[in-house]
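**Student:** Okay, here's what each chain looks like letter by letter:
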Amino acid sequence: MMNRRSEGAALVLMTLVSFTAVAACGSKDGGSSTGGNGNVQIFVVPEDTIANGLQPGTELENVQDGWTISYSRYLVAVGNFRARRSDTGDSIGDPSIHVLDLKAAPTSGYVVKELTNVAAVRWDKFGYDIANAKAGATPLAPTTQADADFMIQNGYSVYYEGAGVKAGKTITFKWGFAAGTSFDDCASPDGVPGFAVPAGGTVQVKPTLHGDHQYFDNITQGVEITKRLAQWLETCDKDANAELTIEELKKCDVVTALPQPPYDLTAVKDQDGDGKISVFDYVNTQMRTFGDYQGDGECPTRASQ
Amino acid sequence: MKHHVVLVRSFVVVAGVLAVALAGCVEASQEAVAYDAVAVSRDAAKDTSSGWIVTLSRADVALGPFYFCAAASGSSTLCASSIAEVAGVTVVNALAPAPSPLGRVHGFSGNVQSVSYDFGISWFDTQTAATPAPSLPGGHSMRLEGEARKGAMLVSFTADVDVVPQYQGQNALSTASAIASVESSATRLEVVLHPAGWLRQVDFDAIAATGKVPFAIRPGSAEHGAILVGIKNLSPLEFRWTAAAAP
Amino acid sequence: MKRAIPHTFGLALGVTAALLWQAEALAQEPAHEHARAPADAPSNEDVTPPSVLTHVDAQYPPSARQARKHGDVVLALTVDADGHVSKVDVFESGGADLDEAAIVAARQWTFVPAKRAGKPLASRIRVPFHFAPPAPPPELVAPPKPGTEPVLAPHVVTTPSAEPAGPAADGATPAPAEVRVTGRPNPPSRGQSDFRIPRTTLTAAPHGSGADLLATAPGVYIAHPEGEAIAQRIYLRGFDAEHGQDVELHVAGIPMNQPSHIHGQGYADLNLVIPETVRSIRVIEGVYDPRQGDFAVAGSADYDLGIEERRSRVKLSYGSFDTKRMVAIWAPEGQPEETFGAANFRTTDGFGNGTRGGISGGAVGQYRIGLPYDVSAILHVGAYAARSNIAGVVRRDDVAAGRIGLYDAYPDPSARAQSAGTSRTQIGITIDRRANEDGSRTSAAMWFYLASFRARTNFTGYTQRSRVQPLWVGRGDLIEQSNDDLGLGGSLSYRSGHLVPIKPFAIQYELGTDVRTNRVQQQQNLLQAPQNETWDQRDDADLRTTDVGVFGDVLVSGSKYVKLRGGARADLLFFDVDDKLGNFTPAFSQKTHLPGFRRTASGIAAGPRATLEGHPTSWLRLSASYGEGYRSPQARQLEEGEQAPFAKVRSYEAGATVKQGDDISLTAIAYQTDLSYDLAFDPSEGRLDRIGPTTRRGLVGYLLAAPAEWMNVSLSATYVHATLDSPPTPTPENPSPAYVSGQSLPYVPPLLVRSDVALTHNFGTVNAKPLTWKAGYGTTFLSSRPLPYGQTSPPVFLLDATIGVRRDWLELSLDAFNLLDARYADTEYAFVSNWQSGAVPSRVPARHITAGAPRALLASLTLYL
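Residue numbers (the numbering used here), protein chains in the order written: chain U, 1 to 305; chain C, 1001 to 1247; chain F, 2001 to 2865.
With the rest of the complex left out, here is chain U (with noise of 0.2 angstroms):
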């Protein structure tokens, strides 16, 4: 009797410390049960439009009125990338901000930032901003030194100089935003939220910088659905003196200018708070929506900084 008790009492407990050996391990999440950690690598890329500017045409993609857009200069200060996951909590980020020329950017644009050790699962929520230009912001190679000191000294999260063309006539602008936004929840354009890294690998994030969003004829939302207008160029450059300053495009009406129909001026905001709205307004706005993801991917959740 007793030697039967003493071994049922040895397997009981032999179970019993199995089971609890057992019952600890496993992957209490839903990753692979190997684990692992990879890098993340953040570039910023412009949209082809700042490298190249838009042509006139009937194409959706193209200037519907006949304005050949293109940029000489292009600077903006980006940075405060930032991931989260949903189910630990855990972040990860840098709030640097770096000032970058997008014209001098190298084809596979500026590496911004290389996150190593990062967990190698997926980082579902991901954000970055397009921010005023303070101190501590840092300029990166090729942007000069000098070009981070004017954003600084100005407070532009933007910055861009350039010119409209159509029928020989040519109107040349030279605009600072002071329009700092945060981007986030951004997915690439299936659909898919954040970044999956790879375990021993690295991930490429790409947020992308469009240029062509003040020539849309309303303010993003979502899927881009719009026509490409720039007359406006023409019509507030009131002194026709080929060129448009800012002190024009706040005096310029958005009655006059961006006529409704075609325009749909749904959540534009009166930026300068002179009670009005114009054209200064608009684009001031949609300087507010430029930031993008992996290409075409939307980062529908902004604030306003």
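Incorrect hints may have been included.
Some chain C residues flagged as far from chain U (calculated, every beta-carbon gap over 12 angstroms) [said to hold, decoys possible]:
hint: 1; residue: 1032
hint: 2; residue: 1053
hint: 3; residue: 1099
hint: 4; residue: 1104
hint: 5; residue: 1116
hint: 6; residue: 1143
hint: 7; residue: 1169
hint: 8; residue: 1177
hint: 9; residue: 1192
hint: 10; residue: 1208
hint: 11; residue: 1209
Some chain U residues close to chain C (C-beta under 8 angstroms, calculated; not the full set) [unchecked claim]:
hint: 12; residue: 221
hint: 13; residue: 255
hint: 14; residue: 267
hint: 15; residue: 296
hint: 16; residue: 300
hint: 17; residue: 304
Calculated lysine-lysine pairs in the DSSO-like style (CA-CA distance at most 30 angstroms, straight line) [stated by the list, open to error]:
hint: 18; chain 1: C; residue 1: 1150; chain 2: U; residue 2: 269
hint: 19; chain 1: U; residue 1: 238; chain 2: U; residue 2: 251
hint: 20; chain 1: U; residue 1: 238; chain 2: C; residue 2: 1150
hint: 21; chain 1: U; residue 1: 166; chain 2: F; residue 2: 2591
Please keep in mind that the hints were generated in silico from the structure rather than gathered at the bench. Even for Gly, the Cβ is constructed at its ideal location relative to N, Cα and C.
With the hints as your guide, set chains C and F onto chain U.
**Tutor:** Relative to the frame of chain U, chains C and F by itself:
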């Protein structure tokens, strides 16, 4: 045989007890709610930024449908599923002192962040063109009549306004801010209109210069575009949720 | 997930341990080999079975000779420790006269008794007798022929040739030698939730399809929301397994789940199974067997095919809604049960005025052959094709307002254009080499299938916008999905003999591997009815997936009362996705590259599985089990190099079975399943979205009884409390999802009660031949199901019944499905739809349902050849 009977009996009893016990055992985080919506007007007169004082004598406004969204943007491509809606169009006298009924809000409890709506002219997914609802005054979103005064100058005007969606499947105002946390059906939605503010961007100086009395503002004109700016950007509808007696 | 041992499990383990402690002290008699009731089938790996020493042929009774009666009798013999038959029970009757003849013969047999470690002991074995008229003496199922014996399944009675008391070497003497008694596969039990559903339960109530047979297992509800050609929807123990995402399904050893299927992960079409060919189904609810692989999250089900009555037959049926069915079965005498052929054609108009018509048909054939070197093989060939119309969903508010009837489909052209066509052809071969003297054996299998799927469904009406051309909107959400799947795989396993490394522990281990590889081509488009013009492309992908699984399984017994059976399994999954629409340039953007995005990903999932079993007395069996399983992700949702994120599951159970002889057994189980993330169907995308970790806890009671010899009862009740453990992942569309701790998972019925009752009686004669009457019914009760937004669906009670009479070669029967004509919703959903029911479309999620079938009658005529 007795064994069998006892076993089966006890089995049936347990099953029965469980079935009874489970009747009320459901926990839910969201529930269906329905409550009234009313249109409330504020201040029939307001200064325009160029110094004109606008007073309205008539403002028949078609309101609806309204789709409320939990997402930050209410646009139909970013918010396919609404948390609440007023699925109908009501024409209200926007100058009436008392709140005008706007229909019922149907939806679920939870947080609201944005709204997407029309002024009676909708371009639903399945419609080939923007279509006014049958009840609209003259087929227009609103009919405004009034006068603007600056010093000795007086301009009287009428306006037929069409607030039209830009694309098929979109609302005229594809997104606007509306913040609330709705707990139950003991709620009331107030849609606050400030109709005189819709004329803030209208260039009355230019209208006065034309000398036409009354000046008729029609869809497609620059002044009509100015009124649209007033409706969408300068004096948009506000949405307030207040507690009310449960229906 | 932070607890080391969950409360319930620890409690169960403690109770089990306490009971075993007591049992040790009370044990008086030597251990019995346990009676084989249908719900449990313990293995005999720790004993040498008895072997026939002398046998006497059963005499074909003269009374039956006149009737030219075929019959099967299965006897349960108790062989005592000195080799004599001490007790004979009739396990399955073939009629009083045949039973008597078999009993008379069996009583005279003598055996070499069963032994454990050389010591003889009493045992109990099952011996089937097949009686076939007239002249040849009654044969045992496989007549002895030296050198060509078929190989045996583990529990079989056999004479190992090394046994000294065994037969003479030459095969000329007919007795006592090589008596083979073949039987069905009988793998070791994995706890109380390892249900073996026998044929008596499967044939009690009428079942429309092979999938409906699963409803006889405790806790299973089968729905058919998408017509005849699309696979069933399975609910198992609180899991909505959709078309198979949470249940690993095998038919004759061939896996049915199709990985990364576009209609649903793990889509498994059981329509290939012809109900008349199913011999038994093994349903494991929980993940406790190291052989369970991908998709075994709620559990697994294995269909075992075989025809017991060796008589060919043709069955013609006609019934409600112009349903016509023909089944032909070929089951030659003298051949094992696994050898048969069956073909099945069916046409119907379906209920609901011309919205659910369908044509389907298929064939299944198996052949069991004996090969040299003690090897036997079963060759399986099956094919099935179906095409049907789909009525789709209706909104509850439209039904309540009278705008549409419950059984109708919207008259809209996009709703009426819904249809599906599917086909599947499969070939498999299973090879077994019989067990050696030390009990070791090897087995191998190989299979191959081709499956095609094309379906058009529209759940949401008119809500979608084209991605390719965003100006196109409102053309109807008729989603066309196509999936072509070529699957190839096999398995290999080796089981060792009994080893005794340290007394008193005896060990037997098994190692095995199974591999599967699939080539899938899938597309998803939006079509505009009525000419099916494509107005959007959503998916176009070629997938290559490979799954290599390795498992090890160990049986440790240190005591005659307690066994520990368990092991571990690891799977390597590899994915290669050629996403032809990836990186596509939207309409209003400049084209800077060519569309297409190809990527590869892989992952490894591993987990232990174990069962601790105790037999303190002959009538009580206790067990506790634990296992970790997984489900693979949808391939096209993986990114380049992403570590395949598996849905991981942990299941725990503790249970007890009480038996009273062979007549009655009652099982009680407490279980818990934790799932790392669950998937829910999104009708607007036509795909599954993650909804976060879930827990299901519950109790199961299962009663199997044969209160009289003409009556068989199976009754089960499953209670489940399913909760969402953490808030759903916030998305931009729903940034702060409402969540209450412990909120119930919607759509899961808390209580599911199923009963199957079969009655058989001989009554009356016609032309001196007896009439056998059969009646049976099955009832399903689903309690009120919680729905999203605090609503509940009404409870459902369904009754299916059958009655029939047979005289020798002619059988008439009448089946009634939903005899009480309950009006109920087969499946409930909540989502946004626009079916143009009102002037202003609604964008608030609303309840939608697919209607459950109204009463249907089916009259059948069967001719036995």
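**Student:** Would you mind marking each hint as holding or not holding in the structure?
**Tutor:** Hint check results:
no., hint, verdict
1, 1032, "27 angstroms, holds"
2, 1053, "15 angstroms, holds"
3, 1099, "26 angstroms, holds"
4, 1104, "26 angstroms, holds"
5, 1116, "9 angstroms, violated"
6, 1143, "19 angstroms, holds"
7, 1169, "9 angstroms, violated"
8, 1177, "10 angstroms, violated"
9, 1192, "18 angstroms, holds"
10, 1208, "16 angstroms, holds"
11, 1209, "15 angstroms, holds"
12, 221, "3 angstroms, holds"
13, 255, "4 angstroms, holds"
14, 267, "6 angstroms, holds"
15, 296, "13 angstroms, violated"
16, 300, "5 angstroms, holds"
17, 304, "12 angstroms, violated"
18, 1150(C) <-> 269(U), "27 angstroms, holds"
19, 238(U) <-> 251(U), "9 angstroms, holds"
20, 238(U) <-> 1150(C), "27 angstroms, holds"
21, 166(U) <-> 2591(F), "23 angstroms, holds"
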